[in-house]
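Q: What follows is each chain in one-letter form.
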Amino acid sequence: MLSEGKRFHILSVFIIPVLFLLSLSAGCSPANKSNAKTTITIWHWMTDREPAFQELAKRYEAQTGIKVNFELYAPSDIYSQKVRAAAQGANLPDIFGILGEKRDFASFVKAGYVLALEPYMEENSASWKNDFFPEALAVNEFAQGNSYAVTPGIYAVPIDIMTIQMLYNKDLFKQLGLNPDRPPRTFVELLDIGKKISSTNRGGSAMDYGGKAANMQGMVSGWGDIWMIDCFANNYALNIMGKDKVIATIKGQVPYTDPDWIKVFALFKQMQDSGVFARGLVTMINKTAEQLFANDKAVFAFNGSWGVNVYHGMNPKLNYGVMLPPKASDIYPMAIWGGAGSSFMVNARSKNKEEAVKFLRWLTDRDQQAYLVEATNNLPANKNCLSLAPELLAQFSKGMDNATHPNAWEVWEASTVIEARDKGIQSIIIGEKTPEQVASEVQKVKVRELAKKR
Amino acid sequence: MRIKNILENYLFITPAVLIFAIFYIIPFIYVFRLGFYDWDGIVPLKDAVFVGFANFKEMLFQDPSWWQAMRNAGWVTIIALIFQNAIAFLLAWACDREIKMKNFYRVIFFIPPVLSEIVVGMVWRFIINDVEGANMINRMLTAIGLPNLVHSWLNDPNTALTTVAIVHSWKGFGWGFLIFLAGLQAIPSELYEAAHIDGANAWRSFKNITVPLMMPVIILVSILTVLGTMQAFVLIIGLVGGEFAGHTSVPVLRILAVMRDSSRFGYACAQGISFGTILVIISFIQYRFSKERQPKTA
Amino acid sequence: MRAAIYYKIKKSTINTLIHLFLISVTVICLYPLLWMVSSSLKTQETVFKDFSLIPHQLHLNNYVLAWQEGGFGRCFLNSIFYTATVVVGIVIIASLAAYAFSRLKFPGKNVLFIMFIAAMMIPIPGSFVALYVLLNKLHLRNTPVGYILAMINVGLSVSIFLLKTFFDKMPKELEDAARMDGCSKLGIWWHVALPLAKPVLAVVVVFNTLAVWNEYILALIIFDSRQFMPLQVAIKLFQGEFVTNYPLLMAGLTIAALPVIIVYLVMQKYIVKGVTSGAIYG
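Residue numbers (our numbering), protein chains in the order written: chain R, 1 to 454; chain L, 455 to 752; chain P, 753 to 1034.
Think of the hints as simulated: they come from the structure by calculation, not from any bench.
Please read all numbers here as calculations on a predicted model, not as lab measurements.
Treat each hint with caution, since some may be false.
[What the hints assert, rightly or not] According to the in silico footprint, chain R covers these stretches of chain L (three or more CB under 8 Å from chain R): (1) 498 to 511; (2) 548 to 561; (3) 687 to 698.
[To be verified] Capping the alpha-carbon separation at 25 Å, the derived lysine-lysine pairs in DSS-like fashion look like this: (4) Lys745(L) with Lys762(P); (5) Lys453(R) with Lys458(L); (6) Lys861(P) with Lys745(L); (7) Lys458(L) with Lys861(P); (8) Lys554(L) with Lys763(P); (9) Lys556(L) with Lys924(P); (10) Lys762(P) with Lys661(L); (11) Lys554(L) with Lys921(P).
Glycine included, C-beta positions come from ideal geometry on N, C-alpha and C.
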C-alpha cells in the first residue's frame, strides 16, 4: 500500500491540535464558585462605551464591594436577538438593555421580564426621577391609558440621551462663499445652497476623472437603511402639520393622501432636484456617510449626537456646526428626534434586583454621568451635568427643546406602513415615483393595517 | 445474515442521522409551527396567538415586496449560475492543464471567498462608486474611449442589482473553481491520451470526455450556487446599503426586516419555510435534470 | 515542417490567451487582499489620502495593537479548537454517511438522502431561538460541546452531498478487490474510499473550516461567557469599537483571514490527479 503514514496526514493535522487544546481547556475551566459576594451582571451592546463601563465597574466595586460584570455582545442586531432568546430560556441577566420599538419594550414588560422602577424613582420626593431630562424618561415610561395596555409607570433607566440633527461643514461653507456661522434657517435657503453645491460640481464636471474635480457632496446620511429616512420625514411632518395631525394620521383619522403629507413627500423631490442631497444617498450606509462627512467631502450630514465621537475618531480637525433641519413652515415648530439614547432595564426575576437598582442609581449620579460624558462623548441623561459637555455636544443638546420621539407617543404606526413610507421616499429621491403616487401607496397599506386591527 | 448486513449498513449513517434529528428536525418543527402563529419573539410562546394560514395568505397575496425580493434573487441567481460558474469552470479547466504557475493561480483564485464581506464591500464600493471611491471602472471606460458608458453603476436602480450580482459572482467563483478542479483531477488522464491517439482534438475531447464526466459535478456546483446566491445578503448591505427602494431586496433581507424591525417572528418563519420549499423544488428539478443527462457509463 | 510550426504557433497563442485570462482574474482577486493588507499598514491620517497599494511607511505595530486591543489571544485558541473539532467531526460523520448513501444498500436510503439535501436548502430564520431553547433543555447552552454539535449539524448536509457526488464517480473495482482480500466495510471505507476521496475531502475541509471560522451569530447567542467566544465575535466587537480606525480594523481582519488561507494552502495540495489503481495497490 502506498505510504502508510501519508493516508492519515489530513486527519492528524487536526487531531493533534484538538488533543492539545482539549488538555489546555481542561486546565482552565472556570472556578467562579465564590458566591459570597453579590455579582451584578449587565448585558449591553455598546462597543464604544465598553472601556468606560469597565472603569465604572471597578470604581463601584472599590466603593461598595459589589462586583459588577458588564458583558458586551455586538453587533447590536444579534444582541437584540440574544436578549429575546434569553428571555425565552429565562436566562436574562440582572440588568439588560433592549433594542427595538416601544411595542417590543411593551412586550417585555407585559411578559413580566422587566421590573417596574416607579417606586424607586418616586422615593425621597422623587429625587432620582428629578435628575433626568423629562424627554429621556418619556421614552421609558408608559402613560396612563397607553394603547400598549401596559401598567403605567417607568420601566427603564436612561443612561444617556441623544438627538438627531443636521450638521454642516464650516470649511466647505467658506468655499461656497457662505457665512460659516450662519447655517440655513429656512427650507428655501437650504435649496439655494443645494443649487450652489451642484453648480460647483458642474464646473469641475462629475464625469471628469482626469483632474481633481471638486467632488463636493451635499447631504450625506445612512439612508440605505430606512429608519433614518423615517426620522427625517417625521421632522418635517411635525413641522408642516403639527403633532396632533401626525398622531391623527397614525390613528387613521387623516389619510396619507392629505395635502400636508404630499407636501412632506414633495420636500424630498425638491431637495433632490436642487442638488442638496449627495449622489447615491439612498445606497449609503451611515458608516460611509460618517466617513464622507468626516473627511470634508460632504457639506451636510444628518446624524445623531453619537456622531461627535465618530467624527472625532476619524478626523479630529473637522470643523463643523450643528443645526436644526431648516424649517419648511412657520405654523408649527421644527421637531427632531431625541430622548433616551440607551437605557437599562432590571430583570424582574433577578435575585439581585435591589442591588441592581442601586447600581443604576449610582450610574446615573452626577459624578458617573460626568465621567461618561468625558470618556464617551455622549450626552448625559442626568440634567445636572450637561454643563460639562464639550462645545459641540452642547450644541446637540440645545436641540433637546425641539426633541420628541415616536417611542414617547401614546400610539404607534404599524411597521408595514413605516416601511412603505420610507421606501416610497427612496423611490421619490431616485426619481421613480411622484409624491402623489407614494402617498396613495402608503395609504393603501395603511388601510389594510387598519382593517387588520378591527 | 441479511439483517445483520443491513444493520451494519445503518451504522454508517447513525451518527449523521442522530445529529440531524436533534439539531435540525426539532428546531425545524418548532419553526414550522411558529409559521402559524402571530408571535413577536418576546412574549412566552404559550401566549402567542394561533392564526392558521394567515401568515401564508398574507405572503402570497398581500406582500408585493416579498415577490419583488424573490424576483431579484432569481435574477442574481441566473447571473451567478451562468457567469460565476462559467468563469469557475474555465479557470479550473485552465489550471487542470499542464500550464506554468498553475499552483500560483490555484492559490490566488481562492482569495475572494476567504475575504471578509466588509472588506469586499468596501473595496468594491471604492472601485465602482464615484461618491467616496476612485471609480476605477468609469475611469477605465473613459480611458479606452467609451466615455458614454460611464455610469453610476450602484446608484442607478437599473444597474444596481446586476452590479451586485457580478460582485457576488466574483466573491463566489472560488468555490466552483475548487470543486470543478477536484472533479477534473478525478478524470483519469488515460482517457484523454486514448482520445488523443484516436485523433480527437482538444475541443472534441473536451466535449466528449470532460463535459459528460463532469456533469454530476456541474450539477452539484449549480445547486450549491443557487443555495449560496439565494441566501446572500451581507454583500448587498455592504454595496448598496440595503434594499434600495426594493431594487436590491432579496428574501433573506425581507425575512430579517420582518423579524428585526417589525418583530413579526411568526411571519418571518412562514416566509422562511416557503422560501426553503421553493429552493428544494428548484434543486430537485436540477437534480432530476442531471440524472437524465448523466451518461450510463459514469 | 510547416505544419509543425503552425501547430507550435497555434499552441503558444492559445497558451498566451489562457495566461492573459488567468492573469487578469488574478489581478482582480489579488487587489482587495493587497488593499486590505496595505490599509492595515497605514495610519489613520494616510488611509483616506494615500490610495497607493504600497504605503510610504509600514506601520507594523497596527498588528500588535489590534491583537492586544481586540483581546484575540483566547478567542483565537477557541476558534482553532472549534474549527478543528467540528471539521474532524464533519469529515468522519459525513464521509461515513455519504459512503453508505453511495455504496451500501438499506431500506429508506433514498428518503433519508433526500431529507438531508432538503435540509441543506431550507434556511430557518429564527432557528437559533429554537436551538437556544433546545440546548437550554439539554443543558448544553453556554458549553463548547453544544456549540460544536450544532455546528457539525450545520455543515453536515452539504458535506454529505459533496462527498456522495464524488463517491459515485469513483471506480468500484478497488473496493471489490479489497473485499476479496477480506476487508470489512469499515475497513474499505477507511483504507480505500477515503484515500481515493482525498481531493474532495480537501474541499470539504476547506468549506467547513471557512464556515466554522467565520461563524459568530450562533456563538454570540448561545454563549454568555467571554471565555468560550470564538475569534469572529472578538472581531465584531473590535469592529464596533474601532470602526473609525480603518488601519487597525484592517489589521484585525487580516489576522482573522490568515488561518483560513493557511488551511487552504495546505489543503489545495491534496487536490491533485486522482491516484490510479496501480498507485494504490502497488
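Q: A separate judgement is required for each hint: does it hold in the structure or not?
A: Here is how each hint holds up against the structure:
1. Residues of the segment 498 to 511 of chain L with a Cβ under 8 Å from some Cβ of chain R number 3, which satisfies the need for three, so the listed coverage holds.
2. Look at the segment 548 to 561 of chain L against chain R: 0 of its residues bring a Cβ nearer than 8 Å to a Cβ of that chain, fewer than three, so the hint is violated.
3. Judged by the Cβ-Cβ criterion of 8 Å, the segment 687 to 698 of chain L is covered by chain R as claimed, because 8 of its residues qualify and three suffice.
4. Between the alpha carbons of Lys745(L) and Lys762(P) the distance comes to roughly 38 Å, so the proposed pair goes past 25 Å and is violated.
5. Of the supplied pair hints, the one linking Lys453(R) and Lys458(L) is violated, its CA atoms being roughly 62 Å apart against a limit of 25 Å.
6. This hinted pair checks out: Lys861(P) and Lys745(L) have alpha carbons roughly 17 Å apart, not beyond 25 Å.
7. At most 25 Å may separate the alpha-carbon atoms for a hinted pair to count; Lys458(L) and Lys861(P) meet this at roughly 17 Å.
8. Restraint check for Lys554(L) and Lys763(P): satisfied, since their Cα atoms lie roughly 14 Å apart, inside the 25 Å limit.
9. Distance check on the hinted pair: Lys556(L) and Lys924(P) sit about 31 Å apart at the alpha-carbon level, beyond 25 Å; violated.
10. Annotation: proposed proximity of Lys762(P) to Lys661(L) holds, straight-line Cα distance about 20 Å (limit 25 Å).
11. Using a Cα cut-off of 25 Å, the hinted pair Lys554(L) and Lys921(P) is violated, with the two alpha carbons roughly 29 Å apart.
When the structure is compared with the earlier hints, violations turn up for hints 2, 4, 5, 9 and 11 and for no others.
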